[in-house]
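Novice: Could you build all of it, start to finish, from the sequences and the hints given here?
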Amino acid sequence: MVLVLLLGDMHIPHRAADLPPQFKELLKPGKIHSILCAGNLCSKTLMEYLKSITSDVTLVQGDFDEFTSQELAVRTVGDFRLGLIHGHQVIPWGDQGGLSLLHRQLGVDVLVTAHVHEHKIVKTENGLQISLGSATGAYSSMQQSVTPSFVLLDIDGSKITAYTYHLVGGKIKIDRMEYVKPSRVEV
Amino acid sequence: MLSELRTSQLSPQKYYELYMMIFDQLADVEAFFGDERSKGRTYAELYEMVQHAGNVLPRLYLMVAVGCLYIKSGEAPARDILKDLVELCKGVGTARDREKREIERQQLADLVGRNLTYISQLDGLGFDMYSQQVLPRVMEQIISCKDDIAQQYLFQAVVQCFPDVFHLDTLSSLLNALPELQPGVKVHTVLAGLMDRLARYAATDAASLSRLTSMHAFDRFKDAISHILMAQNTMPAADAVEMYAALMNFTGSVHPQEVDKVNKALLLNATPCCHAGSAVQVVFPSADFSLPQQALLLDAPHAALHIVAETVLFIQPLVYDAPPQAGAGTHPGAMLTIDDLDDEDVQNEQTLVARALHSLHAPDPDVQLQLLQVAQQQLFLGGMRRLRHTLPALGFATLRLVRRVTGGEAAKSVTAEALLQWLLQQCTTLAEVPEPLMALRLLLAGALAASEEAQGLEMLAYSFFEQASANVCGYASRLLRRGDQCRAVCMASRLSWQEDAKPDPSGSVKGHPPVRDAKRVMACLQRALKIANAAKQQAVASSSPFKLASLAGAAPAPAPLLGAATPASQQHPLGLFVEVLNHYLLYLDAGLEEFTPSAVQLLIDKVQEEVESDVAAARLLQQQQQQQQASGGEQGAGGSSMLGALTEALRYWLSTARHIEFQKASADGKIKERYSQLQIKPQPDMKHLLA
Chain A
1 MVLVLLLGDM HIPHRAADLP PQFKELLKPG KIHSILCAGN LCSKTLMEYL
51 KSITSDVTLV QGDFDEFTSQ ELAVRTVGDF RLGLIHGHQV IPWGDQGGLS
101 LLHRQLGVDV LVTAHVHEHK IVKTENGLQI SLGSATGAYS SMQQSVTPSF
151 VLLDIDGSKI TAYTYHLVGG KIKIDRMEYV KPSRVEV
Chain B
1 MLSELRTSQL SPQKYYELYM MIFDQLADVE AFFGDERSKG RTYAELYEMV
51 QHAGNVLPRL YLMVAVGCLY IKSGEAPARD ILKDLVELCK GVGTARDREK
101 REIERQQLAD LVGRNLTYIS QLDGLGFDMY SQQVLPRVME QIISCKDDIA
151 QQYLFQAVVQ CFPDVFHLDT LSSLLNALPE LQPGVKVHTV LAGLMDRLAR
201 YAATDAASLS RLTSMHAFDR FKDAISHILM AQNTMPAADA VEMYAALMNF
251 TGSVHPQEVD KVNKALLLNA TPCCHAGSAV QVVFPSADFS LPQQALLLDA
301 PHAALHIVAE TVLFIQPLVY DAPPQAGAGT HPGAMLTIDD LDDEDVQNEQ
351 TLVARALHSL HAPDPDVQLQ LLQVAQQQLF LGGMRRLRHT LPALGFATLR
401 LVRRVTGGEA AKSVTAEALL QWLLQQCTTL AEVPEPLMAL RLLLAGALAA
451 SEEAQGLEML AYSFFEQASA NVCGYASRLL RRGDQCRAVC MASRLSWQED
501 AKPDPSGSVK GHPPVRDAKR VMACLQRALK IANAAKQQAV ASSSPFKLAS
551 LAGAAPAPAP LLGAATPASQ QHPLGLFVEV LNHYLLYLDA GLEEFTPSAV
601 QLLIDKVQEE VESDVAAARL LQQQQQQQQA SGGEQGAGGS SMLGALTEAL
651 RYWLSTARHI EFQKASADGK IKERYSQLQI KPQPDMKHLL A
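Which chain is which? The protein sequence lines are A and B, in order. For the first sequence, full-length UniProt numbering begins at 1 and goes up steadily by one. For the second sequence, full-length UniProt numbering begins at 1 and goes up steadily by one.
Bear in mind the hints are in silico, worked out from the structure with no lab data behind them. Careful: at least some of the hints might be erroneous.
Unchecked claim - In silico BS3-like links for lysine-lysine, alpha-carbon gap of 25 Å or less:
1) B:Lys687 to A:Lys181
2) B:Lys502 to A:Lys123
3) A:Lys181 to A:Lys171
4) A:Lys171 to A:Lys28
5) B:Lys530 to B:Lys681
6) A:Lys24 to A:Lys171
7) A:Lys24 to A:Lys120
8) A:Lys171 to A:Lys31
9) A:Lys123 to A:Lys173
10) A:Lys123 to B:Lys530
11) A:Lys31 to A:Lys51
12) B:Lys670 to A:Lys123
13) A:Lys120 to A:Lys159
14) B:Lys39 to B:Lys72
15) B:Lys72 to B:Lys146
16) B:Lys100 to A:Lys120
17) A:Lys181 to A:Lys123
18) A:Lys159 to A:Lys181
19) A:Lys181 to B:Lys664
20) B:Lys186 to B:Lys222
21) A:Lys123 to B:Lys664
Specialist: As structure tokens, then:
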């Protein structure tokens, strides 16, 4: 069993001051194995904090990041290949067809993107598509109001349990969904 | 190693160990100087040279080493050399003596402190005896001893040894004693310790919490701080700030509901005497207690305005350089200006200022604009190097306010148009800073807000785009690599075919009808295919004539066809063809008449042709590599990296083929009908490439 934290679009300091304290309270060192951060941190303010949660932090470039990271990353956890990319590369932004195209292109089981600041997890023919909301609830050109959220994946072999933590009116709300990787023969 | 000795942090024992190690090493140094002498340098020269060592201690050791040789050689009078060395030792000696004395005083303080602990553990010690006999006498002793180390230690010992409940009732005696301590005592540490201890006590004991509230503990601490500051006007600003930070934490745990208390504490902090690092510590004392956020959420709008000014005043050293004034320099940090900082320091500081901007919040949009304007005035004083980090935050704060206004919040004078005009000015400044890329992004966000959120601001939206495109020109001239071109053109095709706008919650669709230009889409994708073909030709042309494979050695490893930023599959020409095919499929889904199943089929056939020849070529390459390995030759790195890219491109093709099969069973009748006309030929054997 491996716990992977997915988060992105913090936009500190451009659009937000800090992660909500309620989230910081939950994200304590020693529980989470890996962090996949989808970019737009935008300063390195939070890097040290993320590294204190776990030293295994994978970061990709967001369009507002003030430092350079890799454009995309593919990590293997359990039986899953996880693809991580910020998502501003998908045109139109957040387009389902464009995301699926990217999903096939990367050849991954789980595609993790952000950028649209709208949390969404969908099961598709390609596997799981996770669109992360903004962890700070940062302003977005595309959403009228943004609820701060992040996702915790509990990966156990070929099974993923995805917990989404939303901050609604100062209270944490948790959604849970399960996904089992279908057995598939290549070629 | 010598410079390690220049510290006061070593205990005598450790210092001695280090000294012994250095003493051993000095024998080697001596031998080295002896060698130099045999190479023709005179001892006089060497003795002169080592005196240029910048620091006293290393200079002393080096001079001892050379001096010994010098005396032994008889080239100089021993008396002169020894006189030099003794003079130098005086410079070092006094510091050691004082350290030693301090250690002795510390040991003494420990001893007395232990006795205090014994007293606190005595069975018969009740509160009456403590408050009437023990504490007054101990305090008298502490104050009359006039020794700063002892005073600090003993005061802290009193705070730590005796029970919390005693402190509650003797708080006045403790606080009154503080200003009487010696100036060298770190009163801030003592007071902070007391507040922290009481805060922790309050957290575990509900009764003590109400006691603290009823005895006005907050006000008493606040007054104590003022008295201490008055009594000790030379206290470093950082220490003063530390006291306030402790007060802040105390307030946070004892009176968390009372925003007003926090607010009072903040205003206290507005003393414009602060040290950059600690200022920030107070502005963001801890993650779960974001101070300005709470303080600024006051209902009274003008109070909030006042606080912004105060907050800015408080963090002023971060926001702009103080004008030079006569007699400045009372605080060591006050003399620093932005010219003394490197870019990274500036960024770190300004990131904090930018974060603080998001804490500005007024319930009334008109007041909110005033808040932002006050902030902007202050920020502009800071100069371009600071603005590049803070302006984006101001820009987004403005955009958030635009949304509040367009979202229907009642405002007397502020309008979306005025706000966006202001944003446009901010963007112009940002481009001049120069931070053109950020300016461009902010302009686009502004354009989007002007055209989508506000009503009737098309001209303003146009201004945003006009400025944005002026910025873009600088970037467009940068050359793209073939693969990047191909992907960019594919993406650009999507700009020419918009989907229906999503209706808002009321069911109506706002804005212009979607852009639908199928011919342009097709033209883009044809161009993408041309680029993919060109990429393939380039790969073939750059391969060695001895290798038939189009892949072998197509590019040396460090410079593949595309940058490392692109997906691995896109670093192979096949990946580009598959990419275009995927875009064809998107438009087949959308039902563009140019993208008939037979047009798509042509591209599928083309891709399958490529797959077959690439797989065959790869097999050849792998065989060659195996032969080379068998004959001990080295494997070409370029070939391997291209094989990796091919593997990814093949995976991309296979998932695309699966997608086509999947769509043949679509629930959407039209999709099902179109895809059922597509044929995929049996795939060549490629297991060896995918493994």
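Novice: Take the hints in turn and mark each one as holding or not.
Specialist: How the hints compare with the structure:
1. A distance of roughly 21 Å separates the Cα atoms of lysine 687 (chain B) and lysine 181 (chain A); the hinted pair therefore holds under the 25 Å criterion.
2. At most 25 Å may separate the alpha-carbon atoms for a hinted pair to count; lysine 502 (chain B) and lysine 123 (chain A) meet this at roughly 22 Å.
3. The suggested pairing of lysine 181 (chain A) with lysine 171 (chain A) is violated, with an alpha-carbon distance near 32 Å, which exceeds 25 Å.
4. A hinted pair counts as satisfied when its Cα atoms are at most 25 Å apart, and lysine 171 (chain A) with lysine 28 (chain A) qualifies at roughly 18 Å.
5. Using a Cα cut-off of 25 Å, the hinted pair lysine 530 (chain B) and lysine 681 (chain B) holds, with the two alpha carbons roughly 24 Å apart.
6. Between lysine 24 (chain A) and lysine 171 (chain A) the alpha-carbon distance is near 13 Å, which keeps this suggested pair within the 25 Å criterion.
7. Distance check on the hinted pair: lysine 24 (chain A) and lysine 120 (chain A) sit about 22 Å apart at the alpha-carbon level, within 25 Å; holds.
8. Simply put, lysine 171 (chain A) and lysine 31 (chain A) have alpha-carbon atoms about 22 Å apart, close enough for the 25 Å limit, and the pair holds.
9. Proposed proximity of lysine 123 (chain A) and lysine 173 (chain A) is supported: the alpha carbons are some 21 Å apart, at most 25 Å.
10. Between lysine 123 (chain A) and lysine 530 (chain B) the alpha-carbon distance is near 35 Å, which puts this suggested pair outside the 25 Å criterion.
11. With a C-alpha separation of about 13 Å, the suggested pair lysine 31 (chain A) and lysine 51 (chain A) falls inside the 25 Å cut-off, and the hint holds.
12. With a CA separation close to 22 Å, the supplied pair lysine 670 (chain B) and lysine 123 (chain A) stays within the 25 Å bound.
13. This hinted pair checks out: lysine 120 (chain A) and lysine 159 (chain A) have alpha carbons roughly 19 Å apart, not beyond 25 Å.
14. Restraint check for lysine 39 (chain B) and lysine 72 (chain B): satisfied, since their Cα atoms lie roughly 18 Å apart, inside the 25 Å limit.
15. Our distance criterion of 25 Å between C-alpha atoms is broken by lysine 72 (chain B) and lysine 146 (chain B), whose separation comes to about 51 Å.
16. At roughly 66 Å between alpha-carbon atoms, lysine 100 (chain B) and lysine 120 (chain A) are farther apart than 25 Å, so this suggested pair is violated.
17. Distance check on the hinted pair: lysine 181 (chain A) and lysine 123 (chain A) sit about 11 Å apart at the alpha-carbon level, within 25 Å; holds.
18. Distance hint between lysine 159 (chain A) and lysine 181 (chain A) is fulfilled; the C-alpha atoms sit about 6 Å from each other, no more than 25 Å.
19. Among the hinted pairs, lysine 181 (chain A) with lysine 664 (chain B) is consistent with the structure: their alpha-carbon atoms are about 22 Å apart, no more than 25 Å.
20. For the hint pairing lysine 186 (chain B) with lysine 222 (chain B), the CA-to-CA distance comes to about 17 Å; that is within 25 Å, so the pair holds.
21. Distance restraint check for lysine 123 (chain A) and lysine 664 (chain B): the Cα-Cα separation of roughly 19 Å lies within the 25 Å cut-off, and the hinted pair is therefore satisfied.
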